[in-house]
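A.B. asks: Below, each chain spelled out in residue letters.
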Amino acid sequence: MNVQVKRSESLSSASLSRFVIATIGGRYFAFDAEPVQGIVTSLEGGSLQDPVADGIVYRTIDLAARLSLSGDEGRHDASVVLLEEQGIRGSVRVGKVHGLLEIPQALLLALPAQFHGAEQRWYRGMILFERSVAMVLNTTWVLEEPAVGVDVGVGRGGAGRIETVQGVVVSKNDEC
Amino acid sequence: MLRTSERFQQHTTRRSWDVLVFSVGGRRLAVKTLDVGGVSQWGEPVPVAGRTPFVTAVVRLNQMVLPVFDLASSLRLSVQGSPLCLKVRHPLGDMVMCIDEEIPVLHTLHPSMIQNYRGTDVPADGSYVNGLDEIPILSVSRLGATL
Numbered sequence: 604m605n606v607q608v609k610r611s612e613s614l615s616s617a618s619l620s621r622f623v624i625a626t627i628g629g630r631y632f633a634f635d636a637e638p639v640q641g642i643v644t645s646l647e648g649g650s651l652q653d654p655v656a657d658g659i660v661y662r663t664i665d666l667a668a669r670l671s672l673s674g675d676e677g678r679h680d681a682s683v684v685l686l687e688e689q690g691i692r693g694s695v696r697v698g699k700v701h702g703l704l705e706i707p708q709a710l711l712l713a714l715p716a717q718f719h720g721a722e723q724r725w726y727r728g729m730i731l732f733e734r735s736v737a738m739v740l741n742t743t744w745v746l747e748e749p750a751v752g753v754d755v756g757v758g759r760g761g762a763g764r765i766e767t768v769q770g771v772v773v774s775k776n777d778e779c
Numbered sequence: 006m007l008r009t010s011e012r013f014q015q016h017t018t019r020r021s022w023d024v025l026v027f028s029v030g031g032r033r034l035a036v037k038t039l040d041v042g043g044v045s046q047w048g049e050p051v052p053v054a055g056r057t058p059f060v061t062a063v064v065r066l067n068q069m070v071l072p073v074f075d076l077a078s079s080l081r082l083s084v085q086g087s088p089l090c091l092k093v094r095h096p097l098g099d100m101v102m103c104i105d106e107e108i109p110v111l112h113t114l115h116p117s118m119i120q121n122y123r124g125t126d127v128p129a130d131g132s133y134v135n136g137l138d139e140i141p142i143l144s145v146s147r148l149g150a151t152l
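Respectively, the protein sequence lines represent chains A and B.
Those letters in the first sequence? Residues 604 to 779, by the working numbering.
Those letters in the second sequence? Residues 6 to 152, by the working numbering.
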């Protein structure tokens, strides 16, 4: 495993924003890196169980359904992003984690005002990624989703291997 | 990437309307040239999950990301041929539309040619008659707001 972090050396870390880039339903999304607690790369307990990491349960959030996208359940390389913000925890299944992207704050683009529906709350903005665009998810909105799936007790061991822990996100490739 | 019609004149009266006539799904529409930001080849749109009708994607133009107004879907038509990208100046920011491959044409309309648009399928500032067709002149500022 390797950690791939792109950083502009001339800028202080204070002016940089860090995002975990992942695909959901074949589209790029960016998670703020700070609330990301880790990434589960395999689910031993099945896709319906809430992942447990270090005895902490992360309730499953069906983000693909909320975004009206096809899910990534069938993918053998699917991962789960563990999130925590202000004591609220959740886990989001994604198709692939592309890695950690570190960019100057100025490169975080605003969502065009022509998007005037509920999506204004869904996204914090957009960032250029490869030849495409990644939508930056609003973590607060993501974590609003009520629990989905079965209740798993703390310490039950339903989660797979935790590849990463707070602040350090691991990528299996060098795409970003 | 524009053709000039025979009727287009450089020096026109102040009240004439210069419009760009283009096609979507074979249907002719016009937009005031003041509202046009450019015409280019259509790029690969990036779908954006959302709830805004007919604004469901963005396109990358170099370092810019612009929203796409799906005019064809709003008219229940399909773009024909290898599409072009029409960039328009919307009050909320530049926006693009996917149009037919037919090269848009510039026209100058005498004020006497301009009438109220009788249709309700697109927001229009007016229309003019060309043969049997009534061609709506799109109200760009209302695209995406009233449909």
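None of these hints come from the bench; they were simulated from the model.
Incorrect hints may have been included.
Unchecked claim - Where chain A lies over chain B, by a calculated footprint (3+ residues, C-beta under 8 Å):
1) 59-68
2) 71-82
3) 105-115
Since the model is a prediction, treat every value here as computed from it, not as a measurement.
Even glycine gets a Cβ: it sits at the ideal position worked out from N, Cα and C.
A.B. asks: Evaluate each hint against the coordinates.
C.D. replies: Now for the hints, and whether the structure bears them out:
Only residues whose beta carbon comes within less than 8 Å of a beta carbon in chain A count, and the segment 59-68 of chain B has 4; three or more means the coverage holds. With 3 residues carrying a beta carbon less than 8 Å from a beta carbon of chain A, the segment 71-82 of chain B meets the three-residue requirement, and the given coverage holds. Figure legend: the segment 105-115 of chain B, annotated as covered by chain A; annotation inconsistent (0 residues with Cβ-Cβ distances under 8 Å, at least 3 required).
In summary, the one numbered hint that this structure violates is 3.
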